[in-house]
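Colleague: Take a look at the letters that make up each chain.
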Amino acid sequence: MSSPFATRLARWMPRLAVAPGFALSFAFIYGLIAWNGVLSFSASRLLPNYEFVGLAQYVALFESERWRVALVNLGIFSGLFIGVGLALGLLLAILLDQKIRAEGALRTIYLYPMALSFIVTGTAWKWILNPGLGLEHLVRGWGFESFTFDWLVNPDMAIYTVVIAGVWQSAGFVMALFLAGLRGIDDSILKAAQIDGATLPRIYWRIIIPSLRPVFFSTLLVLAHISIKSFDLVMALTAGGPGFATDMPATFMYAMSFSRGQIGLGAASATIMLCTVAAIVVPYLYSELRGERR
Amino acid sequence: MNSRHVHRIAIWSVLILFAVFFLVPLYVMVATSLKDMDQVRGGSLLDLPNGLDFGAWRKAWSEACTGTDCGGLKPFFVNSLLMVIPAVLISTALGAVNGYVFAKWRFKGSELMFGLMLFGAFMPLQVVLLPMSQVLGWFNLADSIWGLVIVHVLVGLATTTLFFRNYYVSLPDELIRAAMLDGAGFWRIFWRIVLPLSTPILVVTLIWQFTAIWNDFLFGVVFSAGDAKPVTVGLNNMANTSSSVKEYNVDMAAAMIAALPTLLIYVLAGKYFVRGLTAGAVKG
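So the protein sequences, as listed, match chains A and B. 200 is the number that the numbering used here gives to position 200 of the first sequence; each next residue is one higher, with no gaps. 180 is the number that the numbering used here gives to position 180 of the second sequence; each next residue is one higher, with no gaps.
The set of hints was computed from the structure by calculation and includes no laboratory data. Hints may be right or wrong, so weigh each one.
As the list claims (entries may be wrong) - Taking lysine-lysine pairs in the DSS-like style, the calculated list, with each CA pair at most 30 Å apart, reads:
{"no.": "1", "chain 1": "A", "residue 1": "K191", "chain 2": "A", "residue 2": "K99"}
{"no.": "2", "chain 1": "B", "residue 1": "K271", "chain 2": "A", "residue 2": "K229"}
{"no.": "3", "chain 1": "B", "residue 1": "K271", "chain 2": "A", "residue 2": "K99"}
{"no.": "4", "chain 1": "B", "residue 1": "K74", "chain 2": "A", "residue 2": "K229"}
Model the full assembly from the supplied sequences, consistent with the hints where possible.
Modeller: The following block contains the structure:
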């Protein structure tokens, strides 16, 4: 009944409907990644220029003391942030799973930091960790006159304050994921193990925690991803300081690109970050999308 | 029976201890914001404020200095509102249509398209900062609220598409097929059947996008200058303004002001926020 044109239009409508969004995303994601790649092979300093210099920026990057500090910091931060975050989140989830009264209220309390901006939580922690008036002052006021807690301004320890604030912000999120995983476990397995006389810690260690493997995996992925990208928290808490003691790849990239006039170097550091994330995420995405089809 | 009680008490103690750990920063922020500077300097972190003095809040809102100008957080707060509303609405609407197609109108290559888009939700945004600032410059959108809106829409699209797709996959295909037999087309099925069933995922996506965009700092600090800075940038500048007298009470009031919209949403609709978090984590 309808004209051939209308029929064809109707057949193509799904494609037409996603086309604008896809074209924009594709240009945005892959176009700009390629462009950033080009910049990382260029001699760009204060302004982009497209004189090809090969791998010179990458060589300069890995010869830079500041970049190496940023990589070490990323290692320290992500190791502790992921390790402590996972352990704490799992502990809280298991304890909350013991049919606790007021579970809802506790969950709300554990999780609210996740709703806040890293800039807000960084500002708050900066005040708490301030050696002059914060925690140190408080404990000295309790009579421990020689108590010192100056991590925030101590170049060797400042990165650990970022860990404290980061774990505080994200532990509740890990808890929520594990709690969801725990709630998905079939009760009958538990009952059978209990009838066999296994103790509760043993049941958790032997049966429940191993069955949470997929949750571990996706939580690990998300936390790793957060730590590689972490920028806001460092900026608000220490601004990369003292000196560049708490620099991370993301703050290094920002400093080089937007305040130090080293655009080529900034682009090279961004490419390295991209490769790191892609190495973690692409296999995961691939297996998720594959697995679904089966 | 007795050892059971010991167990319960142990579990409760640990849980409460951590509740305190998570609450202390919020308490410190609120308490400090209600103190005057004499009490901040003279007292200690955990002291209750002497009275309810909202002076620091007033100052943070309309008088405190961020860098060189001293108009408080208010203009930044307004910028964030002007930015977040269109960005959330546009990215959610586009995500709904994309998700609808990728879930219910698959065609050859649509899975690949979805996978390619999905990577956008994971890539470190540092990689688009330099070229994007050039593009915004060409279109005369650098340092404008609309520039930020566009960037947030582009970044958010991957996430919103993912949310809607995963939700629509669970809608029965028969629904669509029955409507097609009745002669309904692509858009009519979307408006009449799919969208009315979308309330739960709409709420999750709107809350998720609002929180993500309100809390953003990276784009705010890179792509905006002068009059277009969002509230996170205003707060950070205020807290890092070096002056001879650091007013921690004003900083804490400013942090609370920047936190209030998302905190409010969390308290009112925490369930949906959590659903977004878990949907964001367990992709695919």
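Colleague: Taking the hints in turn, state whether each one holds.
Modeller: Cross-check of the supplied hints:
no.: 1; hint: A/K191 - A/K99; in the structure: holds (15 Å)
no.: 2; hint: B/K271 - A/K229; in the structure: holds (27 Å)
no.: 3; hint: B/K271 - A/K99; in the structure: holds (19 Å)
no.: 4; hint: B/K74 - A/K229; in the structure: holds (29 Å)
Checked against the numbered hints above, the structure violates none of them.
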